[in-house]
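Starting from the structure of chain A, add chain B where the hints point.
Chains as they are written, first to last, in our numbering: chain A, 1 to 481; chain B, 1 to 364.
In case anyone wonders, no lab produced these hints; they're calculated from the structure. Glycine is no exception: its CB is placed at the ideal position from the N, C-alpha and C atoms. One or more of the hints may lead you astray.
Stated by the list, open to error - Per label pair, the in silico range of CB-to-CB distance:
no., chain 1, residue 1, chain 2, residue 2, range
1, A, Lys236, B, Gly220, 24 to 30 Å
2, B, Gln240, A, Val48, 34 to 40 Å
3, B, Thr341, A, Pro106, 43 to 49 Å
4, A, Trp199, B, Asp169, 21 to 27 Å
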Amino acid sequence: MILSALSLYSMLCLAQQSSLTLQVDRLHVGDGQVLKNAIIQLENGKIVSVEEGATSTGALHISGAELTPGLIDAFSYMGVSGQSVEESRESTPSLRLAHTLRVGDPAFRHALSQGVTAAFLSPDSLNVIGGLGAVVKTGGGTAADLFAEEQSAARILNPEAALKITLGNDASWGNFTPNGRFTRNFRARRPNTRMGTVWVVRREFYRAKDYLAARHQGTVAYDPDLEVLADVLEGKIPVRVQARRSHDVQTALRLQKEFGWPRLTIEEGTESQDAAPNLAAAGVAVITGPAYDSSQRAIARGPSAAKLKQLAHPPAVCCEDLHDIEGLESGMEDSGLVPVSDRLLDWLVVLAPRYGAASGLNGGRFSEGGGSTPALPVLLQKAGVTLAMGSAEAHDQPLTEASLIYQARNAVRWGMDQASALAAITSQAAQLCGMGQRLGQIKSGYDADLVLWSGPPLDSDSRPLLVILDGRIVVDNRPQE
Amino acid sequence: MFALSTFLIGLLATAPCWQQNTVILQPDAVLLADGTLQEHVGVAIRDGRILEIGVSVQVSGLRVPLQGVLAPGMVDAFSGRGAERLLTEQSRQLTPQLRAADGLQLASPVWESLLARGVTAVHITPDPTNVLAGRGVLVSAAGESLEQRILLKDTALVGSLVQSAIHDDRVGPSSLAGGLELLEQAFATAKSDDFGPSLWMYLENAEGTRGVQDLAATKGLQVVPILMGEVGSYGGQFPQQIVGLPTMGLGAFARRAETWRRLAKQGTQVAFGTRAGNQAWDSLRTSAMAWSRLTGDAAGAWATVTFNPAKLLGMEKEIGSIQVGARADLVLWSAHPLDATAQVVSVMVGGQTVFRAPLGEAQP
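With the rest of the complex left out, here is chain A:
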C-alpha cells in the first residue's frame, strides 16, 4: 500500500515536471511575431503546441505577463577563465573551450536569473587563433561542487560551435621583442603589431590550404590544428573574428575574401558601423559586444587611453581620431583630467588592473572603443547587416545593468524597433550560434526554454517572473499571494 502510494506520488512528481501548460496574454515568438491569448503546451522539455486565441482551464496564467523565448547570449565569457587560453603558442585552433569550461560557475546561475537560457561561449582573446567556442545551456548540467545547494551547471550543446580569431590589440598582448635574458620566455615572439597578428592568421590558413588539398588526395599526416582550419575552409566550422576597430573589421573581410571562409561572423564589432556597407555587401553578421551605461566599461563615455595620449601631446600629423579630439578637449576642464607625461601614461596603462578574466588588458576595449556609439545596433540594422547581441563578461557578477536584456533595451533606447531588438537576443542569436533549428523561438518542436516577464520584455521595469529551461521551472519570482 505504502509502496503503491509512493510510486503514485513519484509518478505525479514526474508528470508535474515533464508537462506544463501556460496561458499568456502576449507571446513574442522571437522572429518578430506577437500572439495574443496564447496557450503553450510543454512536454518532455519541448514545446508541443502553441495556439492563439484559446483558453484552457488549469493552465498557469499571470495576467499582464508576457512570454519570450529564453534569451541567447551570442557572445559570452561565462565560466571562461584564463585557464582556457594556451599562450605558449599564438595559434591553437584545436583547443576546445568545452574542455576547460567551468560549468559550475556562478555566472550561469546569474544569467539564468536574468532570463538567459543559452549562450555562445567564446575563447579568450589573448591568442590570434584561440580555439573552438561552445554553445551551452545555462542550466541542466551537473555541478561538481560538494557544496552546491542544487544541481545547477551549464550543459554543453555543441563543443565545436565556432573558431575564434582575434584581430587588434588583445591578440598581441604580452608579447615583446626578444632581447637579452628574457629571450627564454615564450612571449619573446611575433606578433607585436596588428600586421604581425594578421601575418599569423595568413600563415596558418596557407598551411591549412595545403593540408586540405592533401586531405582530398588522402596523403595527409594528421594534425589536429590544421584539421580544424581545414574544416573552417570547407565551411564545416564557422569563424568568429573579434574585431573592434573599423579597420580590423575591414581586415576580417579581406581575410574572408582571401581564404573564402564560407561562414564568418564579427564579434564585438565596436566600431563596425563604419564598415557597415561592406559587411552588408559581404553578408557578414555582427554580434555586438556589450554596451554599458557605466563609464568604467566599454561604452565610449570616457576618452580612450590613446586619446588621452593625444591630448597630452598632440602629434604634428595626427591620425584617424583627429576629428574627436576637439570635443574631448572641451570636456577636460569639467572632468578634472590633467595632461600627464607620455611615459607616465604608458606606465599607467600597463599597470592598470585587468578588468575581467577574459578581456585582455584594461586598455583593450578602451583603446579600441574610440569610435563606438550606443546606436551601433540600429546603424547596423539600417545598413542591412544581420546582428545579434552578446554581453561578454557581464554575467560574471550579478550586475543586472549589463545583462543581455539590457543590451536589447539600450538598443531600443537608441532607435531600434522592439521586434528586431528582441530577435537579436533570441531567434537571430540562435541562428548565428548554429542553433536556429532548436532554440530562440516559441514554436512546436523547439526546446521549452521560456521566460515569462512581468510586462513588455523591453520595458525597463519588467523583470523575469519565471524562467523555464527544458520544460522545468528553474527560476520562480512570482509574487507571493
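Just chain B, lined up with the frame of chain A:
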C-alpha cells in the same frame, strides 16, 4: 610481558634459521582486513608471508605471545619521502620515460623514522610539476637488498594538472587548455602499453578532472585522481571511487572537516599520501584519525592508510591488510592505531623485525 615479546621478536630477527620455520604471533588483538578488531587470534608466518589466521591455528610453530594490537603496516599512497628532493625534469613538460626508482635514496635515515611510525611501504611519485612526470615506484621501508626493497618498479604513470605543472613561462604550457592539449598529444602518439593500467593525476579543479577523464576514456585508461587544492569545489565528481588525498596537519582539519565529511557521505574512499601534504612524520596516522572522527567509521578510516593505497596500486593481496598470502608487514601497537595514545611497539617487514621501540618508551 612487554619486554618478553619484544625480546622474542628480536630473537626471530637474529636467528635466520628460524625464518624457514613457522612463527605464530599471538597478540592481544588483531586488526583484520575488514577493519574489525579480533581477540584471541593467532597469525602464522612463514617465509615472510602470512600463512594462516585463526583462533586455533592449525600449523605448528613457535608461538609468540605479544602484548598489544597487531595491525598491517601503513602504506603512503603518494610521497616524495626517501627520494631525491627534486624528482622532476624541468626542461620539458612531457617526461613519461622518467622513473622515480632512479631517484631513490635507500640509505636515507628517513626510512628509519617512517618505520618508527608504523609505515612499511611508500609509493614514491615524481613531483607533480610536469604534465606527464614519470613513473612511480613502490618501496618497502626495510629490507636487505635493493631487490627486496622495491616492491613494484613501475607502479603507474604520474601526471599533473595543478598550477605548478601548467603555468610555465619558459617551456609552456601556460594554461589548463595547454596542459590538456599536451596530454592529448601524448595519448595520441602512445603505444597501447605505454601508459600501463592506470594514470595517476594530481588535479585541482573540476575542469581539469573532466578533461582528463574524457581523454582517458578514449584510451580505456583508468584515472586515479589525487585531489589537491579546494577539493570541495570539485569533489562531487568522485562518488563511489577511491581517490588520493594529501595528508593534513591537525590545524587544517577544521577548515577541511565539512569537505571530508561530504566526500565520505557520497561514498568516496580515500587513500592518504604525503606528497604535497602535511610533512609531519605521523601525518598519515593523524589524517586517518581525523577521517575516523569526521565519518564515524573507524574501519573505513584505517583503510585510508592501509587497504585503499594498496588497492590503488593493485597490491591489495600483498600489502595493506592482514590476510593469508600477504607479506608479513606488521606493526604491533600499544593500542588500536586510531587511538590517539597508541604507540608503535615493534615493526616487522617481510617477516623480520626491523624496529623495536626502546624498552619502556615508545616513539612519540
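Is 24 to 30 Å respected by the C-beta to C-beta distance linking Lys236/A and Gly220/B? 28 Å, holds
Mind checking the hinted window 21 to 27 Å against the Cβ distance between Trp199/A and Asp169/B? For Asp169/B against Trp199/A, whose Cβ atoms are near 24 Å apart, the range 21 to 27 Å holds.
A range of 43 to 49 Å was offered for this pair. Does it hold for the Cβ distance of Thr341/B and Pro106/A? Holds - the Cβ-Cβ distance for Thr341/B and Pro106/A, about 46 Å, lies within 43 to 49 Å.
Between Gln240/B and Val48/A, does the C-beta distance stay in 34 to 40 Å? Roughly 38 Å apart at Cβ, these two residues keep to the hinted range, so it holds.
Hint check: no violations occur; every hint is consistent with the structure.
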